[in-house]
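Single-letter residue listing:
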Amino acid sequence: METEPRIVAFLCNWCSYAGADLAGTSRIRYAPNVRPIRVMCSGRVDPSFIVNAFEAGADGVLVTGCHPGDCHYVSGNLKAEKRMKSTARILDLLGLGSERLRLEWVSTSEGAKFAQVVTDFTEDLRRMEPNPLETEFNAKSPVNAEDLISKVIRKTNVQYCLECGKCSGSCPISKVNDAYSPRRTVERFLLGFGSKVLSGPDLWTCLTCFTCTERCPSDIRYPEFVRACRRIASDEVMEELCAHRGIPMALSRVMTNPSVRQERMGWLPEQAEISQKGELLYFVGCLPYFDVVFEDLNLELLKIPRSVVKILNRVGIKPVVLANEKCCGHDLSWTGDLENFEKLARMNVAEIKKAGATRVVTACPECYRTLKKDYPELLGNLDFEVLHVSEFLSELIDRGELRYDAKLPAKMVYQDACRLGRHMGIYEPPRKVIAHIPGVELVEMGRNRENSVCCGVSAWLSCNKYSKAVQIDRLIEAKATGADLLVTACPKCQIHWKCVTSEKLPVNPEDVKIEIRDLSVVVAEAMHLA
Amino acid sequence: MKVNNSVLVIGGGIAGMQASLDLASRGFRVYLVERNPSIGGRMVQLDKTFPTMDCSICIVAPKMIECFRNPNITLLTYSEVQEVNGSVGNFTVKILKKPRFVIEERCTGCGMCAQHCPVEVHNEFDMDLGIRKAIYIPLPQAVPLKYTIDNENCVKCDLCQKVCGAEAVDFNQQPQTISLDVGAIVVATGFELFDARTRSEYGYGRFQNVLVSLEFERLLSASGPIGGHIVRLSDGRIPRRIAFIQCVGSRSLKGGVSFCSSACCMYATKESVLIREHEPECEVYIFYNDLKVFGKGFQDFVARAEDDWGVRYVRALPGEVVEDSKTGDLTLWYEDTTENTTRSIQADLVVLCPALIPRATSKDLASVLGLELDEYGFFKSKDAQFAPVDTNVPGVFICGYCQGPKDIPESVAQASAAAARAAEVIAQGNEGVH
Amino acid sequence: MKRAEDNAPRIGVFVCHCGINIGGVVDVPQVVEYAKTLPNVVYAEDNLYTCSSEGISKIKEGIGRYNLDRIIVASCTPRTHEPLFRAACEEAGLNKYLFEMANIRDQCSWPHLHEPEKATEKAKDLVRMAVAKAGLLKPLVEPEIDVTPSTLVIGGGISGMTAALCLANQGFRVCIVEKESELGGRLKQLHKLYPTLVNASKGLDQISGAVKANRNIDVLTSTLIKQVKGFIGNFEVDVQRGNGETAKFEVGTIIVATGTDVLEPVGMYGYGEHSNVLTQLQLETLLRDGKLEMPQRVVMVQCVGSREEKGRTYCSRVCCMTALKNAMLIKESHPRTDVHLLFRDLQTYGGHYEDYRRMAQDMGVKFIKYSLEKPPQVFPKEDGRLDVSVYHALLGEEINLETDLLVLSTPLIQCEDAKKLSHMLKIPIGPDGFFLEAHVKLRPIDFATDGIYVCGTAHSPKDTAESVSQALGVASRAAIPLAMKHMRTEAITAMVDENLCSGCGTCVKICPYSAIAKDEKGVARVTEVLCKGCGTCGASCPEKAITMRHFTDDQVIAQALAAVRRELA
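Protein chains in written order, with our numbering: chain Y, 15 to 544; chain G, -19 to 414; chain B, 10 to 578.
By construction, these hints were calculated from the structure, which means they are not laboratory data.
Keep in mind that a hint or two might mislead.
Just a sample of chain Y residues kept apart from chain B, beta carbon distances all over 12 Å, derived [what the hints assert, rightly or not]:
hint, residue
1, 250
2, 301
3, 458
Restricting the straight-line Cα-Cα distance to at most 27 Å, the calculated cross-link-like pairs of lysine-lysine (DSS-like) are [as the list claims (entries may be wrong)]:
hint, chain 1, residue 1, chain 2, residue 2
4, G, 362, B, 383
5, B, 105, Y, 165
6, Y, 446, Y, 482
7, Y, 518, Y, 96
8, B, 67, G, 142
9, G, 362, B, 221
10, Y, 527, Y, 482
11, Y, 291, Y, 367
12, Y, 210, B, 375
13, Y, 324, Y, 446
14, Y, 127, Y, 96
15, Y, 169, Y, 210
16, Y, 386, Y, 291
17, B, 257, B, 494
18, Y, 169, B, 340
19, B, 375, B, 300
20, B, 375, G, 234
21, B, 127, B, 45
22, B, 527, B, 238
23, G, 306, Y, 493
24, Y, 527, G, 306
25, B, 105, B, 147
26, Y, 165, B, 201
27, B, 201, G, -18
28, B, 527, Y, 210
29, B, 201, G, 362
30, Y, 165, G, 142
31, Y, 446, Y, 479
32, G, 234, Y, 387
Restraint-style ranges between C-beta atoms, simulated for each label pair [claimed, not checked]:
hint, chain 1, residue 1, chain 2, residue 2, range
33, Y, 523, G, 354, 55 to 65 Å
34, B, 457, G, 354, 29 to 39 Å
35, B, 285, Y, 160, 21 to 31 Å
36, G, 372, B, 219, 15 to 25 Å
For every residue, glycine included, the Cβ atom is placed at its ideal position computed from N, Cα and C.
From just these sequences and the hints, can you work out the full model?
Next up, the structure:
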């Protein structure tokens, strides 16, 4: 690269930092490109530190710790090793390259080693392209808060509030969190006390599940109101409340840089047939990333896109899979980062158009809603149709083109994901697809369709004891139907539920233990494509 | 030009009956057309009425009988208006008298036929909670007290014909078209209930112990399907707690109608007091939004319900009702503003107060009469302020709930108003002859 | 069929179950059996619903088959059902006054719901009392009178004028007596009417023009009613004109359309102390005359002096809509002005009023709910503005509003001179101060006194459209006697046994209707058409010379004895 590479280094206090000091006292020279940050243990290094560093424009990140067995904190360095492995995979997926991340063991006495590591790393980085990223954090264009609030109050019907309380009585979070009341929040905004709300947690607590909207007699679209106000709400509070260190959002932001060339095809099964151009495009979503971030949950998330492609191939379709697919931007659009959302939207639409696709199928309800509803609102009419995979499969069933070869004798219960159900009105196609499988008895939870209960977390926000309570309650309900399998059409539902059941539960595990599988995966099984 | 001094009254509820009686008392000939086999309307379905807690059938039965006995009133029950031609002072009306398959002049109302009829069907009068036979009278105090055969469910076994002492059963009866000349028309067709199943969060239609108000009213009625004992239909148990949910489908910009039905806060209070009277151990909650206490005596009634009868008012509409499928018990979720928390409450029975809406058949009647409907489906007043009972068609007047939400005293007063206008236009047509 | 009166009466007793209202508490078959043991009872039966057409038929049948000449129905209250059963008797050829009721429901099975045995005993006693009286009943004749074909309308506001015009158009003569110098009533003070926002003056001009032009209507403005005598069909009215002249005329029916006053909330929320605290009516007038200076903020408080815990407990119905309307008018002309509405329960009932509220919300009117227990408080500031502090019932917080203008929505209240009118016409006033109708459901715009009707806000608070409906309603009611031209009056009147009368004149003095006078022989004579049947004369006469038909001393005493002494059975 023409410019000098910039390296951010995380040095553990007991070994590596001392080692670096020794290099200095010994006057051993090494490249001045490194910027050390002292941490007590290499185990302290959070993947989000690394991602943020790269987002800010670092060309390389170095993590050093004690040699295995020597860790001052027993095994912190081993944990670091594991984390660095998955972070490296993410960097590969992002196309930044895992070579930019280096983990080295440097002990107190290895001053020379430290210098060598830095020099080598700098040399290697010089041979690479500079980091194309240079995100300015929180660079939102200024907005007149009062204007925005009064406009959105009108747009979402908030001014018609009757104070009837149906919203608070319907909200899954309200039921478990005394402090949270959509009714009171609305009243505060109407009376001009919105600034208090903007600097508090309430706006980030809303699941945007649309249950209140479904029931509000005044047709108030509260989640849309919340969404618009998040633009001007406190970012600090959001960061506090955002789970997984904001990594998913960071990844989405990284993808806005056009120079980023992701590795988007690695998940494809061997015999998969895809095309670069074609009528039907399969929009994968961020599953490859989630597969890494949530690898500890053993979700086998990549089974989902693999199942979809296999199914499509079986019915004679070679879908387009974009090599440069970006995150649809759902989480950014729901957390107030509209500038970056727009960038992603434009990029995705351009790619889809370039591929010549007239139909886009996705297996993720969030991508579905975003592409089908939010993209046209932002960019005008799209020239392609957007379908959820269940809609597509339902069409095939109607035309007699979907053959189920296997019998899956099981009682199955279906969860209506918020983004598919209440947001977009798709209730029956997934049920049709499941019920059609030979041997399947489809049962329903008491609260189904428009009364379905959210999986408890949205856009990674406010994951806390309240969301856990909601999740456990819902799983108990699912288990109580007597079903063998809980089928979901949304990978996020699956992730959140698996996450809560892998923790220590405040209830009898038998009450919530139920196998959860994605709709596409179940269908693939029924077609002997597993 | 000589105008006809007969008046057609469409609808035999309290408003239609009052208008008929006013006109008949002063010598006009009145044709009272009612689509059901008996007049009486909604009032006969009620147990008591607010705010005085009068027994409803007791105060309306004399009016029904009066309509029957009055020589100036011709009752055309089980009939519908098919066609209207002409103009004010000279309308020609075609009425379709549906066949009862019972000869009205011969039927004594003895009931032998129903005793022997083998067919049991749900009784619409009891909101499908009770049973009647295929040959039936809708209620014991039916006026006229003549039996009717429900052709859809009749199995033509002929038993009724065999046992009828008056030889009143006639399976060959044909629909009859009756042609009438009248000078004015009064429309008093009342209301129906909003379909509460569309508010799926409350479980009506799925949960056995969630009822709508009119169903509950029939259960409460001494003459209803369970004789006025308050029990749950699912298991016959006496409820320990009953919850009313107001505004189901009312005041809504979506999933309902935008107006306030005006009577529900009060009738819920009335039903609550009745519950507390019958079962002092049963707790009653009314979940409301704005308590509509604007009428004469309403606020005092609510105060009595609260202070004397212990009815509890909670200012929150529940978000949802959940059922325990094993017990049929219900859980309501609502936001309690006094404790600032969203909480749940168990109830054995939930009564929904659905919006009271214009009848679906109003559209047909409007087109027959040439009447305009307003944006809610009510018949439109010529001038909302100064001519509330007049319509866009001179000589056709409206009164009661079909003109807009109102309670019984207002319906009665407005019925007299429509009668006054009808009398006025006829008198003016006849140059002051009254 | 009718037996000669000095033969033993043949009494028939019909005991009603009234579904389970009576039958569920009182042992009706036991009562029937007991009735059969009573003197002169030749027939007794029970009915499920005596008031049904089946029950009525049984009564008529019984009269014919068993030659009954006295009928007793033991069921509900005579107040609603006496006319029905009397008519049944008449149709069967029996004089309708040979009928008596025993109230074993409203006054027996219902109040004694939890003591069925005692209720049954009481029911038996009540039947015994009725039998005792029935045995002494005599057939009575209702005198027929002519009806003066004209109506007096007291009050020339929108209600009075609407009623008058409707009657006049049917060919009846009407006289409107209005105490002010001009017709129009409250509407004269109003600006625009909700929900159509038509100018009050427009509707008013139209109708008062029609009234003045109508040949059948006499308008007496600046006129007060001095005295009303008489009875339905024959009222004598004395009035006093503004110039001191008196006039007298006769009418057949009277319509009370006297409207209301508006409460001045002296001492509440700073009214009377600060010039920027107004009532809605005062605001209305300011708006109409275009005299409202642009305030930065207006706060309106609902339920001021109404819906109280004690005192004026009623809701005045029109204030929420009036406040909404005025709030919207302010926002329309002064969009920057902040309007806050402090309410308890928003009375937006009926067809259009909810949409009205949404329009106000669209215009940015702010709503704050407060509760009865924590009403708003007003503190004056040095600069003349006011601090209004309100506890928001939902947010659970105290909110402070600095305001330029505080508008209080106060209730409509009965007029000062209502009591006088009440005495004059013998029309009662209800617990909320408004005139009390004959029956809340069945006769909402009639008074118990025949021939007098009520409409408009004099009955209870209501808006223009509702007043017009009621006014047309009374036009129908008031026209009935006029149209019939003749009426039969009550037969229950006082009668004098001239042989016993000593001419002391006590009854003459004591009669509230001045229905008794001494005739040329010096004995008391009753003008039956004036007599309202109260019976106070009978109670005062030292000679027992005057008594009440249908409530003779013998009959009443027989009932009293039968109440106590079971062995009389």
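Structure-based check of all given hints:
1. Non-interface status of residue 250 of chain Y relative to chain B is upheld: no Cβ of that chain comes within 12 Å, the nearest being about 25 Å off.
2. Even its closest Cβ contact with chain B, about 43 Å, leaves residue 301 of chain Y beyond 12 Å, as expected for a residue assigned away from the interface.
3. The claim that residue 458 of chain Y is not at the interface with chain B holds, since no C-beta of that chain comes within 12 Å of its own (minimum 35 Å).
4. With a CA separation close to 44 Å, the supplied pair residue 362 of chain G and residue 383 of chain B exceeds the 27 Å bound.
5. For the hint linking residue 105 of chain B to residue 165 of chain Y, the alpha-carbon distance of about 74 Å lies beyond 27 Å, and the restraint is violated.
6. Our distance criterion of 27 Å between C-alpha atoms is broken by residue 446 of chain Y and residue 482 of chain Y, whose separation comes to about 30 Å.
7. Between residue 518 of chain Y and residue 96 of chain Y the CA atoms are separated by roughly 23 Å; this keeps the pair inside 27 Å, and the hint holds.
8. Taking the CA atoms of residue 67 of chain B and residue 142 of chain G, the gap is near 26 Å; set against the 27 Å cutoff, the hint holds.
9. Note on residue 362 of chain G and residue 221 of chain B: the hinted pairing holds, with a Cα-Cα distance of about 23 Å set against a maximum of 27 Å.
10. At roughly 15 Å between alpha-carbon atoms, residue 527 of chain Y and residue 482 of chain Y fall within 27 Å of each other, so this suggested pair holds.
11. Between residue 291 of chain Y and residue 367 of chain Y the CA atoms are separated by roughly 10 Å; this keeps the pair inside 27 Å, and the hint holds.
12. A distance of roughly 18 Å separates the Cα atoms of residue 210 of chain Y and residue 375 of chain B; the hinted pair therefore holds under the 27 Å criterion.
13. For the proposed pair residue 324 of chain Y and residue 446 of chain Y, the alpha carbon gap of about 20 Å is at most 27 Å, so the pair holds.
14. Under the criterion of a C-alpha separation no larger than 27 Å, the hint pairing residue 127 of chain Y with residue 96 of chain Y is consistent with the structure, at around 22 Å.
15. A distance of roughly 21 Å separates the Cα atoms of residue 169 of chain Y and residue 210 of chain Y; the hinted pair therefore holds under the 27 Å criterion.
16. With a CA separation close to 21 Å, the supplied pair residue 386 of chain Y and residue 291 of chain Y stays within the 27 Å bound.
17. With a C-alpha separation of about 21 Å, the suggested pair residue 257 of chain B and residue 494 of chain B falls inside the 27 Å cut-off, and the hint holds.
18. Of the supplied pair hints, the one linking residue 169 of chain Y and residue 340 of chain B holds, its CA atoms being roughly 20 Å apart against a limit of 27 Å.
19. With a C-alpha separation of about 23 Å, the suggested pairing of residue 375 of chain B with residue 300 of chain B holds against the 27 Å cut-off.
20. Taken as a hint, the residue 375 of chain B and residue 234 of chain G pair is honoured in the structure, with Cα atoms around 23 Å apart against an allowance of 27 Å.
21. Proximity of residue 127 of chain B to residue 45 of chain B is assessed by CA-CA distance (about 20 Å); at most 27 Å being required, the pair is judged to hold.
22. At roughly 19 Å between alpha-carbon atoms, residue 527 of chain B and residue 238 of chain B fall within 27 Å of each other, so this suggested pair holds.
23. With a CA separation close to 15 Å, the supplied pair residue 306 of chain G and residue 493 of chain Y stays within the 27 Å bound.
24. A hinted pair counts as satisfied when its Cα atoms are at most 27 Å apart, and residue 527 of chain Y with residue 306 of chain G qualifies at roughly 21 Å.
25. At roughly 10 Å between alpha-carbon atoms, residue 105 of chain B and residue 147 of chain B fall within 27 Å of each other, so this suggested pair holds.
26. For a cut-off of 27 Å, the pair hint linking residue 165 of chain Y to residue 201 of chain B is broken: about 30 Å separates their Cα positions.
27. For the hint linking residue 201 of chain B to residue -18 of chain G, the alpha-carbon distance of about 41 Å lies beyond 27 Å, and the restraint is violated.
28. Note on residue 527 of chain B and residue 210 of chain Y: the hinted pairing is violated, with a Cα-Cα distance of about 86 Å set against a maximum of 27 Å.
29. Restraint check for residue 201 of chain B and residue 362 of chain G: the C-alpha separation of about 19 Å stays at or below 27 Å, so the hint holds.
30. With a C-alpha separation of about 75 Å, the suggested pairing of residue 165 of chain Y with residue 142 of chain G is violated against the 27 Å cut-off.
31. For the hint pairing residue 446 of chain Y with residue 479 of chain Y, the CA-to-CA distance comes to about 35 Å; that exceeds 27 Å, so the pair is violated.
32. This hinted pair checks out: residue 234 of chain G and residue 387 of chain Y have alpha carbons roughly 21 Å apart, not beyond 27 Å.
33. The beta-carbon spacing between residue 523 of chain Y and residue 354 of chain G, approximately 59 Å, falls within the hinted interval of 55 to 65 Å.
34. Under the hint 29 to 39 Å, the C-beta atoms of residue 457 of chain B and residue 354 of chain G, about 37 Å apart, fit the expected range.
35. Here the CB-CB span from residue 285 of chain B to residue 160 of chain Y is close to 28 Å, well matched to the stated 21 to 31 Å.
36. Range check, residue 372 of chain G to residue 219 of chain B: about 21 Å between beta-carbon atoms, so the 15 to 25 Å window is met.
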